[in-house]
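All chains, full assembly: derive it from the sequences and hints.
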Amino acid sequence: MGLRTTSKEMDQKSQAGPSGSNKSSVSLVSSLMRSWKITSNPSSQKSSNSNSNSYSNLSGNSSGDNRLNSGNFDAMSKQQTAAIKSSSSYSPLRYSTPVSGISVGESPRPLLYSNHRNGDHESSIKKDAYFKDLDEDWSAVIDDYNMPIPTIANGGISRSNSDNLTSTSLSKAYDPSLPLSRKVTNNSMKSSSSLGTNITQQGTAQSSHNLSYPQLPQLQKSVTSELKLQLEMENERELQKINSIMQRITKFDCIVSDKKIINQQELRQISWNGIPSIHRPKVWKLLIGYLPANTKRQESLARRKRQEYKDGIKHIFTEEHARDVPTWHQIEIDIPRTNPHIPLYQFKSVQNSLQRILYLWAIRHPASGYVQGINDIVTPFFQTFLTEYLPHSQIEDVEKLDPESYMTEEQIGDVEADTFWCLTKLLEQITDNYIHGQPGILKQVKNLSQLVKRIDVDLYNHFEAEHVEFIQFAFRWMNCLLLREFNMSAVIRMWDTYLAETSVETSSGSSTTFQSTGAAGTGSGESNPHTPLQPTNPTFQTPGSDYHSPSSHTNASSKNISSGENNRLRYSSLNEFHVFVCAAFLIKWSDKLMDMDFQEIITFLQNPPTAEWNENDIEMLLSEAYIWQSLYKDATSHWQ
Amino acid sequence: MLQFKLVLLGDSSVGKSSIVHRFVKDSFDEFRESTIGAAFLSQSIKLDEDDTVIKFEIWDTAGQERYKSLAPMYYRNANAALVVYDITASDSLSKAQSWVEELKNKVADDKLVICLVGNKLDLCQEDSGKRSVEISDAKQYADEQGLLFFEVSAKTGEKVNDVFKSIGESLYSYKKEELLSKSEQNGTNTHGQVDLQLQKPATSDPTSCCT
Ligand SMILES: Nc1nc2c(ncn2[C@@H]2O[C@H](COP(=O)(O)OP(=O)(O)OP(=O)(O)O)[C@@H](O)[C@H]2O)c(=O)[nH]1
Ligand SMILES: [Mg+2]
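Residue numbers (UniProt numbering), protein chains in the order written: chain A, 1 to 640; chain B, 1 to 211.
Accuracy of the hints is not assured; some may be wrong.
What the hints assert, rightly or not - Derived pair list, reagent style PhoX-like, types lysine-lysine, alpha-carbon separation capped at 25 Å: (1) Lys68/B <-> Lys443/A; (2) Lys453/A <-> Lys282/A; (3) Lys165/B <-> Lys46/B; (4) Lys400/A <-> Lys314/A; (5) Lys446/A <-> Lys68/B; (6) Lys260/A <-> Lys400/A; (7) Lys165/B <-> Lys175/B; (8) Lys348/A <-> Lys155/B; (9) Lys104/B <-> Lys130/B; (10) Lys282/A <-> Lys446/A; (11) Lys260/A <-> Lys314/A; (12) Lys348/A <-> Lys130/B.
As the list claims (entries may be wrong) - Take a look, some chain A residues computed to stay more than 12 Å from chain B by CB distance: (13) Gln298; (14) Arg303; (15) Thr318; (16) Glu332; (17) Ile363; (18) Lys453; (19) His467.
These are computed hints drawn from the structure, not numbers from a lab. These numbers come from a predicted model, not from an experiment. In this text, a Cβ means the ideal position worked out from N, Cα and C, and glycines have one as well.
Written out as structure tokens, the structure is:
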């Protein structure tokens with residue numbers, strides 16, 4: 001899985017393997033990218049090095065193989081190579097930062113590179129100290145934003161300081177009460193411990209209504225045996241997962257219920273990385289602007305809106321309202337064809353609810369009316385809002401239970417109303433997608449093709465040679481917001497991020513521009529006090545420091561997402577970001593697609609192997625999209 | 001092997017996707033997601049006549065009115081069109097007729113094979129009261145317009161293969177004519193050479209390129 005050569009012919013000729021594809025022009029960045037790939041290769045797990053061990057999760061967790069992910073990084077490295085070589089004005093290369101931080105003089109980079117080319121990973125790479133640094137560098141890049149609470153997770157285990165470095169910065173990032181220090185110090189073991197405790201206690205105190213938090217086991221103190229160490233690492237990872245989940249829940253508890261005016265910006269930032277299921281219904285309503293940030297006004301507003309919806313429904317079933325028969329009929333046809341594989345959507349009551357919602361929306365929006373695909377888009381809302389009425393332990397069962405079995409008619413009406421208004425809000429942002437001629441979609445498809453042309457010109461050329469047109473596969477991606485390509489739980493996770501992307505206008509505040517964040521990688525200067533994630537930047541600056549991170553796959557994605565997201569809020573809209581997600585999704589399969597002909601390409605893209613995708617995969621995708629968006633911000637200037 | 005492009009047109013939920021799935025995968029789902037944009041599938045059949053293998057590259061389009069503007073992209077280069085209606089919904093026949101009109105106006109190729117297909121035959125076999133398009137009416141229309149015509153059921157599979165076979169035969173005979181007339185013009189080709197040429201996909205068809 002070497003870098004693809006620039007021409008298809010070469011690619012075909014050099015079937016022998018990754019060797020031969022690159023000459024001296026390989027940039028630092030590409031070797032960095034490569035090293036990441038190598039460490040994420042399952043083969044590296046064999047190494048007894050505890051450092052590489054921390055990656056086993058990363059590769060093991062992803063149901064897609066690394067090859068699939070690697071395409072993106074190949075392309076990214078390619079792009080960066082070009083960018084570094086060609087342009088000094090084009091500076092915000094976030095991921096070149098760690099590289100430039102490495103002193104080139106002592107660099108065994110050529111060795112690293114040849115290792116890769118020989119595909120001889122296991123034998124030599126792990127011995128290479130430089131490699132380790134690189135690994136860690138990437139682990140830092142892909143670390144979680146809400147990494148372990150050290151007190152609990154590794155109180156007794158000897159770990160390098162830098163672990164705590166990460167934890168500390170992140171713990172801090174998650175405690176709003178603490179002044180943010182963007183300079184992270186190395187001697188932070190102590191402070192990180194106290195921080196961790198602090199947060200945990202906070203969590204217990206503030207969310208006493210969620211008493212079901214698991215008890216945290218205490219780990220035994222330092223063990224020297226490798227095996228035990230490994231076991232502990234695993235435990236630790238589990239623990240960290242739990243901790244980070246708890247921490248997130250606490251954080252959301254804080255934001256959502258503790259304030260008079262909910263800090264929308266903060267909510268967006270944290271939601272971008274995923275929302276705990278118990279908070280999701282409320283947070284979605286806030287993010288999309290259905291519920292007001294003013295906590296006091298929420299209840300009355302919801303009551304009013306729900307009534308408004310119910311009156312609307314009443315009206316369409318009265319004599320005065322002349323039924324729009326074609327619309328009603330089309331919806332009626334589509335309802336049983338909506339999520340036909342999820343039991344929830346087979347219940348008559350659910351079908352009736354969706355029919356009402358869609359019909360009311362259609363007649364209230366005559367410019368677009370009902371368009372197939374909207375029936376898909378309504379479902380994540382509906383399903384998520386149902387979970388509000390389920391006990392926490394049963395949230396997972398929402399797809400199996402008939403709402404009539406646990407809700408009153410009144411409550412179902414409320415869920416319908418909430419769904420209706422949130423659907424309305426969402427579609428407001430993408431109205432051009434559904435009006436006559438669907439110009440929004442056509443434009444997005446065009447943007448996608450132009451983006452792919454820049455990011456992965458080989459793939460673009462291959463499509464052209466095979467007469468594959470983007471509209472042939474991407475139309476549906478745009479029309480249904482990729483809903484058809486993923487299973488429901490993956491979609492719902494994706495929507496945490498998408499809804500955090502929605503209302504550009506409501507997020508105010510920070511004057512930090514994208515460029516300055518890009519620069520923060522090297523200068524870490526003007527940190528924004530509103531950015532809890534700012535402290536992550538220093539991790540880019542310390543590539544040489546000896547720390548490793550037991551990051552999981554989830555972690556891997558989240559960190560990418562988190563850095564600099566403050567800026568994205570003001571720059572991007574849902575539509576724009578979606579194009580980047582589509583680009584990331586397409587380029588993910590780049591290596592495979594390059595070997596396919598027209599028919600294989602179309603067939604593959606119509607049925608991408610995503611059935612087993614889980615939240616981690618989605619997070620990886622989103623993080624890749626985020627990186628692309630950061631790198632190609634300039635490409636979007638003419639998108640509006 | 002001969003390759004041909006085939007496009008399916010017709011109102012939403014008349015069963016276009018179901019027909020294609022019956023033909024390609026020999027399966028039927030009671031509830032299948034609506035088609036967004038268009039879906040691509042392919043399937044080969046063998047004609048009784050000299051064992052010729054015909055490969056269909058099929059674009060199954062979305063039926064909703066809103067997607068209508070996408071259709072030309074798919075029928076533009078088509079060799080055959082399958083225009084589907086639902087025999088239990090008379091509206092869908094008029095929709096099918098408007099598709100036939102459009103094809104005749106917009107597709108330059110006068111060799112375009114159009115097949116009118118009434119679907120959901122099984123429903124009328126169960127309960128004849130459900131029929132709302134008389135077979136004689138549809139047949140008469142098809143004859144007037146020079147279309148192939150079938151009533152089928154994607155659910156039971158009845159006559160579905162016949163549709164594709166008959167389209168394949170029409171396409172094959174056109175192809176033979178075309179090549180023969182070409183060879184007559186050139187005056188040099190023998191019959192054997194014609195056959196040889198038949199093995200090659202149409203060069204005007206970009207996706208049939210074997211490289
Ligand atoms: N009884 C019966 N039902 C059928 C038959 N063919 C299709 N259906 C049903 O008709 C509905 C629509 O079928 P599709 O194949 O999805 O229709 P379509 O024409 O592709 O619809 P669009 O994709 O919206 O354009 C499905 O619920 C099928 O179960 C048939 O032969 N008999
Ligand atoms: Mg269909």
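Hints, verified against the model:
{"no.": "1", "hint": "Lys68/B <-> Lys443/A", "result": "17 Å, holds"}
{"no.": "2", "hint": "Lys453/A <-> Lys282/A", "result": "40 Å, violated"}
{"no.": "3", "hint": "Lys165/B <-> Lys46/B", "result": "8 Å, holds"}
{"no.": "4", "hint": "Lys400/A <-> Lys314/A", "result": "29 Å, violated"}
{"no.": "5", "hint": "Lys446/A <-> Lys68/B", "result": "19 Å, holds"}
{"no.": "6", "hint": "Lys260/A <-> Lys400/A", "result": "37 Å, violated"}
{"no.": "7", "hint": "Lys165/B <-> Lys175/B", "result": "15 Å, holds"}
{"no.": "8", "hint": "Lys348/A <-> Lys155/B", "result": "23 Å, holds"}
{"no.": "9", "hint": "Lys104/B <-> Lys130/B", "result": "31 Å, violated"}
{"no.": "10", "hint": "Lys282/A <-> Lys446/A", "result": "35 Å, violated"}
{"no.": "11", "hint": "Lys260/A <-> Lys314/A", "result": "35 Å, violated"}
{"no.": "12", "hint": "Lys348/A <-> Lys130/B", "result": "24 Å, holds"}
{"no.": "13", "hint": "Gln298", "result": "36 Å, holds"}
{"no.": "14", "hint": "Arg303", "result": "35 Å, holds"}
{"no.": "15", "hint": "Thr318", "result": "26 Å, holds"}
{"no.": "16", "hint": "Glu332", "result": "10 Å, violated"}
{"no.": "17", "hint": "Ile363", "result": "16 Å, holds"}
{"no.": "18", "hint": "Lys453", "result": "20 Å, holds"}
{"no.": "19", "hint": "His467", "result": "4 Å, violated"}
Hints 2, 4, 6, 9, 10, 11, 16 and 19, counting from the list given before, are not met by this structure.
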